[in-house]
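Chemist: Sequence:
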Amino acid sequence: MNIFRKLLFPFAILYGWVTTIRNFLFDQGLKKSTAFDVPVIAVGNLSVGGTGKTPQIEYLVRLLCDTYKVATLSRGYKRQSKGFVLADKNANALILGDEPFQYYQKFPKIQVAVDADRTNGIQQLLSQKTNPEIILLDDAYQHRKVKAGLYILLTAYGDLYADDFILPTGNLRESRSSADRAKIVIVTKCPATLSIEAQQKIATKLKLNTNQDLFFTTIQYDAVVLGDDKVIPVDHLKNDQKILLAGIAKPKPFFDFLKNDSDICLTYPDHHHFSDNDLNDILLKANGKKIITTEKDYVRLKDSVLKKQLYYLPIRSHFLNKEQNFQHSILNFITSF
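Here the sequence shown stands for residues 1 to 337, numbered as in the working numbering.
No lab work stands behind these hints: they were computed from the structure.
There's no promise every hint is true.
[Said to hold, decoys possible] Ranges between beta-carbon positions, derived for each pair:
(1) Asp37 to Cys265: 34 to 40 Å
(2) Val48 to Ile264: 37 to 43 Å
(3) Asp159 to Lys31: 27 to 33 Å
(4) Asp261 to Asn325: 41 to 47 Å
(5) Asp213 to Lys285: 42 to 48 Å
(6) Lys252 to Asn325: 29 to 35 Å
(7) Leu226 to Lys145: 34 to 40 Å
(8) Thr130 to Leu331: 17 to 23 Å
(9) Thr210 to Pro233: 43 to 49 Å
(10) Gln80 to Glu197: 32 to 38 Å
[Unchecked claim] Only pairs whose alpha carbons sit at most 27 Å apart, straight line, appear in this in silico DSS-like list of lysine-lysine:
(11) Lys322 to Lys201
(12) Lys205 to Lys230
(13) Lys308 to Lys82
(14) Lys290 to Lys308
(15) Lys201 to Lys250
(16) Lys6 to Lys250
Quick reminder that beta carbons are idealized off the backbone N, C-alpha and C, glycines included.
Sequences and hints are given; from them, build the entire structure.
Modeler: Below, the structure written as structure tokens:
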């Protein structure tokens, strides 16, 4: 934590009081929170970005979409459209935002919608000719106007909410006590070799309630990179000179997985919209070499001037243990409706 953020401590206290009062009003029913007659699962975090919400939503989609009619509902961060939008053949990353467009492209069986007003978004989804049987809310932990049936809270290994402080001194959107709303807490981005003993130490630090379940996941990178009808094994790229490109919150693990000493790593802000100048600069630096990016960035770049040289590295959320317990918790919640 730098000195400037420490100086903002009084504002963090004020912000903490505001969010605490807001949550109290919702908890006491003094502010309206709408529940729905379908299973609604909210996935989110307490901190600002970088906890792995997208692979976790995709995990849930894979778990459920062959059995149920699934819809995802996101805010559509940095999209250029307004209001409720249901993805169709005309959709793109500018209309939906990058993550929702990624869901739409990867999972043709599901409905993908965006709306900053999640209550209206759910109502609109339920008014469609084909009603979803399950709605997954992406990054909606703080959206208290919807009362989800199940809250899943993500916190990144090495950046646990228990070690953080509220904005602007720290990176928390609300106080650590807000973790109590979650039925399931997942520590994401763990080392694949994280021991049971180390997991127990984290559990002790988080101090969860007896009715909360704790799980640990890691990011599993694919063995291939994918492009426009092209597939290249990662092993074939390790020693090649290439451009590694990321516009995500915490790109270091992506770079570390692929890079060698001759690579050029280009970092952009999370959800960055690439300008023509950006693209020309990347193209110049690449000088004919392959450009490897994240899946989230690829959906924004795949139709750009980079497309002939562009590839992305798929990722998945992988449970270190107790995966069946997690799946049973999700399925038991759904069948309880």
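Chemist: Each hint should be assessed against the structure and marked as holding or not.
Modeler: Going down the list of hints, with the structure as the test:
1. About 48 Å separates the C-beta atoms of Asp37 and Cys265, a value inconsistent with the hinted range of 34 to 40 Å.
2. A beta carbon spacing of about 28 Å between Val48 and Ile264 contradicts the range 37 to 43 Å that was offered as a hint.
3. Between Asp159 and Lys31, the C-beta spacing of about 30 Å keeps the proposed range 27 to 33 Å intact.
4. In this structure the supplied range 41 to 47 Å holds for Asp261 paired with Asn325, their Cβ-Cβ distance being about 42 Å.
5. For the pair Asp213 and Lys285, the supplied restraint of 42 to 48 Å holds, since their beta-carbon distance comes to about 46 Å.
6. Range check, Lys252 to Asn325: about 30 Å between beta-carbon atoms, so the 29 to 35 Å window is met.
7. Against the hinted window of 34 to 40 Å, the Cβ-Cβ separation of Leu226 and Lys145 comes to about 38 Å, which satisfies the hint.
8. One distance hint, 17 to 23 Å for the beta-carbon pair Thr130 and Leu331, holds here, with the actual separation near 22 Å.
9. One distance hint, 43 to 49 Å for the beta-carbon pair Thr210 and Pro233, holds here, with the actual separation near 46 Å.
10. At about 49 Å, the CB distance of Gln80 to Glu197 disagrees with the hint of 32 to 38 Å.
11. Proximity of Lys322 to Lys201 is assessed by CA-CA distance (about 17 Å); at most 27 Å being required, the pair is judged to hold.
12. In summary, the hint linking Lys205 to Lys230 is not supported, as the alpha carbons are separated by about 45 Å, beyond the 27 Å threshold.
13. Straight-line distance between C-alpha atoms of Lys308 and Lys82 comes to about 32 Å, which puts the hinted pair past the 27 Å bound.
14. Between the alpha carbons of Lys290 and Lys308 the distance comes to roughly 9 Å, so the proposed pair stays at or under 27 Å and holds.
15. The suggested pairing of Lys201 with Lys250 holds, with an alpha-carbon distance near 24 Å, which does not exceed 27 Å.
16. About 22 Å separates the Cα atoms of Lys6 and Lys250, which keeps this hinted pair within 27 Å; it holds.
In the structure shown, a violation is registered for the earlier hints numbered 1, 2, 10, 12, 13, in ascending order.
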